[in-house]
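> Whenever a hint applies, use it, and build me the whole structure from the sequences.
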Amino acid sequence: MARKSTTQRVVVSTIGAWFFGFLIFFPILWMVLASFKTELEAFAIPPSFLFFHWTTENYATVQERSDYLLHAMNSIIIAGGSTLIALVIAVPAAWSMAFSPTKRTKDILLWMLSTKMMPPVGVLVPIYLIYKAFGLLDSRIGLVFILCLGNLPIVIWMLFTYFKEIPRDILEAARMDGATIGRELIYVLTPMAIPGLASTLLLNLILAWNEAFWTLNLSTSNAAPLTTFIASYSSPEGLFWAKLSAASTLAIAPILVLGWFSQKQLVRGLTFGAVK
Amino acid sequence: MATRQTQLLARSLLAPAVGLLFIWMIVPLALTLYFSTLHYSLLDPGSESFVGLENFRYFLTDPAFLASLQNTLVLVGSVLALTILLGIPLALLMDQPVIGRNIVRLMVIAPFFVMPTVSALVWKNLLMHPVSGLFAWLAKLVGLTPIDWFTDAPLLAVILIVAWQWLPFATLILLTALQSLDEEQKEAAEMDGANAVSTFIYITLPHLARPITVVILIETIFLLTVFAEIFVTTGGGPGLQTTNIAFLIYSQALIQFDVGSASAGGLVAVVIANVVAFFLVRIVGRNLEA
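Chains as they are written, first to last, in our numbering: chain A, 1 to 276; chain B, 1 to 290.
Hints were generated in silico from the structure; no laboratory data involved.
Glycine included, each C-beta is placed from N, C-alpha and C at the ideal position.
Accuracy of the hints is not assured; some may be wrong.
[Said to hold, decoys possible] Some chain B residues near chain A, calculated using beta-carbon distances under 10 angstroms:
id, residue
1, L13
2, L21
3, L42
4, V114
5, V122
6, K140
7, R210
8, V215
Structure (structure tokens):
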């Protein structure tokens, strides 16, 4: 901001940025609008942009006909459960690597990262057969487990980069004062780590909520989260655009809000700290 | 300063994560390797037999493999090109003094948070439908014939959907990098008489080299396994026109129930991803030293 900004430059770049921003956002806006139309209006040519008969009946229909709430609950349990379990496993590991690093810490971190790069489709067959053998197909617990493992490397990495930034001196001081490791963890480290924990939690929730490889392949009905539920609209009969839009709007709204809150941390989390 | 006791503690805190990830990596991969050497069809249980490298020969010489490899490369390459070539100017624009930049930022980042099944179906129906889609209406407005996207240009349609999802990612990372660029350096260049173009080429672009590399590598890892967008829009068709490696393996495993061949394909996918991962891990690892 140090450079002088002439009025002309501000006007041009503001108009340009708003135009392209709106263009990118438009498909989402269009979907939200369609969710308030009747099926006939959603399908009509020429399309109506704002002056149509606004209705909320699609939202009611989606729940009545397809038990939307069940799938929303599945999404919450699967994304939330996998995130919480991943945090429970990752916090001690990241803490240990950040504060008692050994010669091998870097290798371990990079190895963990490399597990994330394994394409899921490479292990689809064995996972599918194992799940079938243990009756885990179309079960919430099965999806919680696989999403937890899939995202664990990212969680550990994010936490590690946050823990790394906590000044060591404070810990030394606490140790000098005779704090045990347990106390150190609870009274010194935790309060300082909460922002990092929160953004790790948020990002992981988003990733798990939107995960659409394992959920599509391992769930069909009872345990199906919203990703799978929305996919069922790919082979519908009759007019369905308004209902598809209503179901989609409900499915993305919570995560869009969370995402907007966590966008500052997003870059860092998704690039494993390579860009901050 | 760590005592023996704390070292022990540190290790035992690390152990569960390492153990779980190790099992998660090694067990399915070993099974994939094992299945890939078997004649194993779920439609014909009990007929499993060792066939050596037969599945690999079958998978790699299958015309579907070459077609899907080509589709994978076109898909990854096009989406990378689109997201970076559009992401750079967009990030530069957003780095300007824009009134209400935070709101613009929210609009630009939004597609990244939309689940793949939603974006694919909304694009396919509301936007790309050949009769009632918004694109068809716009085309008619300016006197063009609407394109029947999923019949005439199915792969392009998938590319556009995926590029829309990943453009925010590229833009956000490039914007973050731009904002860390030293303003004084640019000012000095301008004072020395550099115009906007040469400032961009000699100062901004070199500064962006690293973030661009990171974007390319991370996007590649995710784009190699694009699945949901194809699953809900084209089902790999028409013919094999939108089948990528991930979708081919899926259809061999869960539609044709050919476990052996799908496993061989899975290993091929792992090898391809590992080549990319090798470079990414090196770049990230170098950053770890700093």
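> All hints are to be evaluated individually against the structure, with a verdict given for each.
Taking the hints in turn, this is what the structure says about them:
Satisfaction of the interface hint for L13/B is found here, the shortest Cβ-Cβ separation to chain A being roughly 4 angstroms, below the 10 angstroms cut-off. Satisfaction of the interface hint for L21/B is found here, the shortest Cβ-Cβ separation to chain A being roughly 5 angstroms, below the 10 angstroms cut-off. Interface hint at L42/B: satisfied, since its Cβ lies 8 angstroms from the closest Cβ of chain A, which is below the 10 angstroms cut-off. With a cut of 10 angstroms, the hint placing V114/B at the interface with chain A holds, because the nearest CB-to-CB distance is about 5 angstroms.
The beta carbon of V122/B comes within 5 angstroms of a beta carbon in chain A, closer than 10 angstroms, and the hint placing it at the interface holds. A cut of 10 angstroms between beta carbons decides the hint on K140/B: the least distance to chain A is about 8 angstroms, and the hint holds. The interface hint given for R210/B holds, since its Cβ lies 8 angstroms from the closest Cβ of chain A, which is under the 10 angstroms cut-off. A hinted interface residue such as V215/B counts as satisfied when its beta carbon comes closer than 10 angstroms to some beta carbon of chain A; here the least separation is about 8 angstroms, so the hint holds.
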